[in-house]
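Heads up, the sequence shown is in this note's numbering, so the first residue is 6 and it goes up one at a time.
In case anyone wonders, no lab produced these hints; they're calculated from the structure.
Backbone N, C-alpha and C define an ideal beta-carbon position, used for all residues, glycine too.
Possibly wrong hints are sitting among the right ones.
Okay, derived cross-link-like pairs now, EDC-like style, lysine to aspartate or glutamate, Cα gap no bigger than 20 Å in a straight line [as the list claims (entries may be wrong)]: (1) K21 x D100; (2) K24 x D47; (3) K21 x D47; (4) K24 x D100; (5) K24 x E92; (6) K24 x D54; (7) K21 x E92; (8) K24 x E53; (9) K24 x E60; (10) K24 x D57; (11) K24 x D90; (12) K21 x D90.
So the derived label-pair ranges between C-beta atoms look like this [to be verified]: (13) S12 x A82: 30 to 36 Å; (14) S33 x F87: 28 to 34 Å; (15) L22 x E53: 17 to 23 Å; (16) G103 x P52: 31 to 37 Å; (17) S93 x G65: 18 to 24 Å; (18) A82 x V14: 27 to 33 Å; (19) V14 x F49: 26 to 32 Å.
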Amino acid sequence: MDPDRDSTVVTVHVAKLEKMVRIRLDYSRQSRTIRYIRITGDFFMHPEDSIDGLEEGLLGTELERDALRQRISSALAGTRCFGFDAESLTGAILDAGGDAP
Numbered sequence: 006m007d008p009d010r011d012s013t014v015v016t017v018h019v020a021k022l023e024k025m026v027r028i029r030l031d032y033s034r035q036s037r038t039i040r041y042i043r044i045t046g047d048f049f050m051h052p053e054d055s056i057d058g059l060e061e062g063l064l065g066t067e068l069e070r071d072a073l074r075q076r077i078s079s080a081l082a083g084t085r086c087f088g089f090d091a092e093s094l095t096g097a098i099l100d101a102g103g104d105a106p
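Use the sequences and the hints to build the structure in full.
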């Protein structure tokens, strides 16, 4: 692989937070930005469609703790989450990206 060419890294990570959370993450190796993310598991959110806004809001976000935490907190404003919070989800996404805290 040519290190000067950007490539997409695809990873799946399962984290046991308050509930089980599975993260499918595609990100740019060069810029370390999220290209695709899918968050599933046995957690609950209300309103239920909040997960779509969360995933959409994370696209283009750099895999960096403060940037992720800010985007997640913003996306979850007004949402009730049962199974994770912004901090634990941030850690799980970083783990999926290979940057364990």
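Hint by hint, here is what the structure shows:
Between K21 and D100 the alpha-carbon distance is near 12 Å, which keeps this suggested pair within the 20 Å criterion. A threshold of 20 Å between alpha carbons decides the hint, and for K24 with D47 the separation of about 6 Å falls inside it, so the pair holds. As the CA atoms of K21 and D47 are separated by approximately 10 Å, the hinted pair is consistent with the 20 Å bound. About 16 Å separates the Cα atoms of K24 and D100, which keeps this hinted pair within 20 Å; it holds.
Among the hinted pairs, K24 with E92 is consistent with the structure: their alpha-carbon atoms are about 14 Å apart, no more than 20 Å. Of the pairs offered as hints, the one joining K24 and D54 holds, with about 18 Å between alpha carbons and a cut-off of 20 Å not exceeded. At most 20 Å may separate the alpha-carbon atoms for a hinted pair to count; K21 and E92 meet this at roughly 13 Å. Simply put, K24 and E53 have alpha-carbon atoms about 16 Å apart, close enough for the 20 Å limit, and the pair holds.
Between K24 and E60 the alpha-carbon distance is near 18 Å, which keeps this suggested pair within the 20 Å criterion. Of the supplied pair hints, the one linking K24 and D57 holds, its CA atoms being roughly 19 Å apart against a limit of 20 Å. For the given pair, K24 sits about 11 Å from D90 by alpha-carbon distance, which is consistent with the 20 Å threshold. As the CA atoms of K21 and D90 are separated by approximately 12 Å, the hinted pair is consistent with the 20 Å bound.
Judged by the Cβ atoms, the range 30 to 36 Å given for S12 and A82 holds: they are separated by roughly 34 Å. About 32 Å separates the C-beta atoms of S33 and F87, a value consistent with the hinted range of 28 to 34 Å. At roughly 19 Å, the beta carbons of L22 and E53 sit within the given window of 17 to 23 Å. Distance hint for G103 and P52: a CB-CB separation of about 32 Å, consistent with the stated range 31 to 37 Å.
Between S93 and G65 the beta carbon distance is about 22 Å. The supplied range of 18 to 24 Å therefore holds. Between A82 and V14, the C-beta spacing of about 29 Å keeps the proposed range 27 to 33 Å intact. Distance hint check for V14 and F49: the Cβ-Cβ separation is about 29 Å, which falls inside the suggested range of 26 to 32 Å.
Violated hints for the displayed structure: none, as all numbered hints are satisfied.
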